[in-house]
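Visitor: Kindly generate the complete structure, drawing on both the sequences and the hints.
Chains as they are written, first to last, in our numbering: chain P, 1 to 304; chain Z, 1001 to 1304; chain F, 2001 to 2304; chain V, 3001 to 3304.
To be clear, the hints were calculated from the coordinates, so they are not data collected in a lab.
For every residue, glycine included, the Cβ atom is placed at its ideal position computed from N, Cα and C.
Be careful, since some hints might not be right.
Listed below are several chain V residues computed to face chain P (Cβ distance under 10 Å; list not exhaustive) [unchecked claim]:
(1) PRO3238
(2) PRO3246
(3) GLU3282
There are 4 protein chains.
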Amino acid sequence: MDLHGVLPILPTPFTADGAVDEVSMRRLVDFEVEVGAHGVSVLGFMGEAHRLAGFERRQVVAATVDQAASAFPVWVGVLAFGAAGAIEQAREAQELGAAGAFVAPPPVQNDQAIFDYYASVAGAVDIPIAIHDFPESFRTLLSAELIARMGNDIEGLRYIKLEDYPVLAKMSRIQASAPDSIGIFGGLGGMYFLEELQRGSRGIMTGFAWPEVLVGVYEAFRSGDHARAAAIFDRYMPLIRYEFQPRIGLAYRKHVYHERGIIDTTFIRPPGMQIDDYTRRELTAVVERVGFTLERRGVQALVA
Amino acid sequence: MDLHGVLPILPTPFTADGAVDEVSMRRLVDFEVEVGAHGVSVLGFMGEAHRLAGFERRQVVAATVDQAASAFPVWVGVLAFGAAGAIEQAREAQELGAAGAFVAPPPVQNDQAIFDYYASVAGAVDIPIAIHDFPESFRTLLSAELIARMGNDIEGLRYIKLEDYPVLAKMSRIQASAPDSIGIFGGLGGMYFLEELQRGSRGIMTGFAWPEVLVGVYEAFRSGDHARAAAIFDRYMPLIRYEFQPRIGLAYRKHVYHERGIIDTTFIRPPGMQIDDYTRRELTAVVERVGFTLERRGVQALVA
Amino acid sequence: MDLHGVLPILPTPFTADGAVDEVSMRRLVDFEVEVGAHGVSVLGFMGEAHRLAGFERRQVVAATVDQAASAFPVWVGVLAFGAAGAIEQAREAQELGAAGAFVAPPPVQNDQAIFDYYASVAGAVDIPIAIHDFPESFRTLLSAELIARMGNDIEGLRYIKLEDYPVLAKMSRIQASAPDSIGIFGGLGGMYFLEELQRGSRGIMTGFAWPEVLVGVYEAFRSGDHARAAAIFDRYMPLIRYEFQPRIGLAYRKHVYHERGIIDTTFIRPPGMQIDDYTRRELTAVVERVGFTLERRGVQALVA
Amino acid sequence: MDLHGVLPILPTPFTADGAVDEVSMRRLVDFEVEVGAHGVSVLGFMGEAHRLAGFERRQVVAATVDQAASAFPVWVGVLAFGAAGAIEQAREAQELGAAGAFVAPPPVQNDQAIFDYYASVAGAVDIPIAIHDFPESFRTLLSAELIARMGNDIEGLRYIKLEDYPVLAKMSRIQASAPDSIGIFGGLGGMYFLEELQRGSRGIMTGFAWPEVLVGVYEAFRSGDHARAAAIFDRYMPLIRYEFQPRIGLAYRKHVYHERGIIDTTFIRPPGMQIDDYTRRELTAVVERVGFTLERRGVQALVA
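Guide: What follows is the structure in structure tokens.
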């Protein structure tokens, strides 16, 4: 296990007529390099992977990998109705140069079937696999026991992107049963990032549109300055929390990335929610209250 | 609207090592021609479409269309997480020669989003589209009002494969609101086929492995011999009902098609359920009680 | 374990203004005695228990127990959001003279929590408890392993009313793990009653409004005349299947009991579905096709 | 509509052997009076209402109303499987002196059925009714249109406790359609309380165990000092967010109320989650970082 740090989940940018916008995608990658991210994740839920055609998935992965070059690893989301589809996607990611794949569980509430699913995907590729444990979106429940067993018994299954409530208690249960065989990454917009690090997570994969904050918390924590990590985390929590609203968070984030000059449009494929003028002002107010601004380009300095 | 009759949902046959078995697929098509079916449907739930990779979907459709030649139309199932994926699949079906596509709803419980989903798929192809209303598998609920509205307002959306309980009441509600714009096909293993015909359905798309019975009921009914249609239906109901058991029906049907010499193996992709020896004997007993046999090849004569 | 046979799930009859109709309730009990049922079950899903107030639950149980006198045992359904409510209901049933309680699982998808729930209810009363395994209504999944463990380890937990698909496979798995500690009763409208008996079930608790058929199958089977049991079962299957339609079955059954002169009204509490004139004629046609009539009072003779 | 302000959802305290602890309940009420709350809400989800027997529900309501005397209104939660049960609970609440009832939707995904449910409950009592819109727990989805229609058309239905994501967008949609007929209260642990007030909510009903903060935000906002409201809100957000973790929040809150000397035990009825020593220290750290302490009794001063 060597993956660690902040790997932002990138939104998939679209042109005004709704096509994948590779130019903006590359600009997103450049921004994440500039901000000091340790990698990026594409084709997650926030990347609207479920709203892309197969050829568009390939387009997103290829452009991201190409732009990232050797700067950092690119992880790719896999979401399918069954193992054959998941294997096809994971192999495609590998062929396109992805460093790893985070794989949603199958829509089957049966422990052995879930185990077999992950084993078949992990066995079909050479890149490492992460479980994406996010029942709010995928509806499949994975017990801590099952996750630990998969971590211990499936070669190639090395990480979990953990987004099942209560996430902190579950993290500790998994670690108790599989201390060395499964690395844990947080998500959930960064809502519990500090406590996750304190409990031993390796980093985070999430879509918060101010990765400066996540990188700041992570680097302070890793350098041993836990007080500074907490100070940053607490200061920006009103913004983290605002952005994290389920179902509408993507619209906030595309708006932020657009205002920051990184993506060309705020286009979201239907049935994704849009935000109105009032909400944009409300978001601006929260952004400004924590000391950021939507009016400047480039990485912004932390105040804490 | 010209589609009508019995369009069996074909299982996807596999070789002993789990690959798509085109030879058996073609034999299935030949059998359906021989039995007098009015078409076939592939890549439905019983076709394990959710367990196939993209390249395998194409393989199944191509082989079926090629083998069917001009004998009858081939309808193809579409199941995706979003509209872009559904359009990609529907276009692929059209390019491969399918006569139409039956499309599962998106995993979104929102009437307008569902309407837009079907409108975008129907608008992207030239072949007719059918709604696949099967909440037990897809979890999305479609009201009769929404279905009627889609039938009335979406060009190219012409049929529905209706499998939502109570199916008879829903069928009549849809017909009352969209009498001329949406043709109704039954499913649910044929459990309510007679009453569906009496209420004005155009036919059935289902996986019952004795299509002789469905064709017999349909032809008797269409010829005006309603008493004979009912007699056939009632006589074979113990078998229809036995095969229809949710989650295990596919295993019954692959066993039957295998015993009848049509497909080479009973292989089902995980996590599909298998049946044991006891169950095979139990199935044989039901088959024999209605007057069929698993020991003979070819179409079997109806007793009623 | 001494419970066995046919214990019809009784609908709760209402007066024309929607109050519990004790007189009709008592007539239902008398009819079940006359038909040779081995007991009755009240306050099940088909008994609209979820639509009754607490005082009405007590009213239904008291009237049924009083009318049944020593004729046969009365089983009572328990449905609650948590253990305290379930215990309260089970104790009430016991105090009112019920012979046992069939208990819906808690709305929690966690094996240990489910085990503890049943253990706490069984431990709070002296009457035997049955699990009601019906995920279509209760949404909680119970694995065969969990059921067997509960049967083996919880004193007082003696039976299961099994209505989870595929029911036959699950029945055999439970029996393999808990052969002597949990008696199995079928449900599901009688759809698999014959095969359930063949696999060793002790009987059935279901709402089919022609208990003559279920008693006929059961008595023939128990006397060793398996061919006659099968003949009866098959002959009436078209009616069993028609009545069993999810969500509307209760309306069919209240109509049948009303036509047969047993209950005074077909009142169903909202949001229960009603049936229209067309459907009543459709039902009548099915009834007549199997050789029954809605025009005569009293137990009807079987034709098979 | 005259209800407004902060009405904390009270947990139900238990004695060490799991019985309802009336003494602690009364101490909770006294604390809420002292802290300046505008009312209290009992028998909500956080009040473990689903884990209480009927006689315990009555006990909780009676003790709370008696202790509150004329200090402030007591609102009571109603959760039932059907309208008869809900009416029974609402009438009981009224008889015991409750000021209003917040009513969970029925477990039925059908707009007309939901409308009729609320209409029948509101019509059966003289106290005002609030909708409890919390699909994460109750699984029933209520559209903004349906809520507005119920607010406009059902007399006695006056408020909504809104906890459906994204809550801010939904709030504005409801207000646009029913500006004067339905008052909106927030929940969700206070996560969006500031923005809810800005959008016109009348207050909040939630379980955050530091009601000082909610009262502080509310009073500052109502006095027109919006900057101070925001400053308080932002400063305590790290704690609000920590406590709000789904499924484990109740354990945090009982621990806090216990440490603060208000309730005698942290007992939670199974299958509620408990917290371990590590988590208690983690919680203490968050509490102290925002400037509170678990070591002192009584209302604590705000730092902002």
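Visitor: Hint check: is the beta carbon of V/PRO3246 less than 10 Å from a beta carbon of chain P?
Guide: 4 Å, holds
Visitor: Any CB of chain P closer than 10 Å to the CB of V/GLU3282?
Guide: This interface hint holds because 6 Å falls under the 10 Å limit.
Visitor: Let's test the interface hint: is any C-beta of chain P closer than 10 Å to that of V/PRO3238?
Guide: 5 Å, holds
In summary, this structure violates none of the numbered hints.
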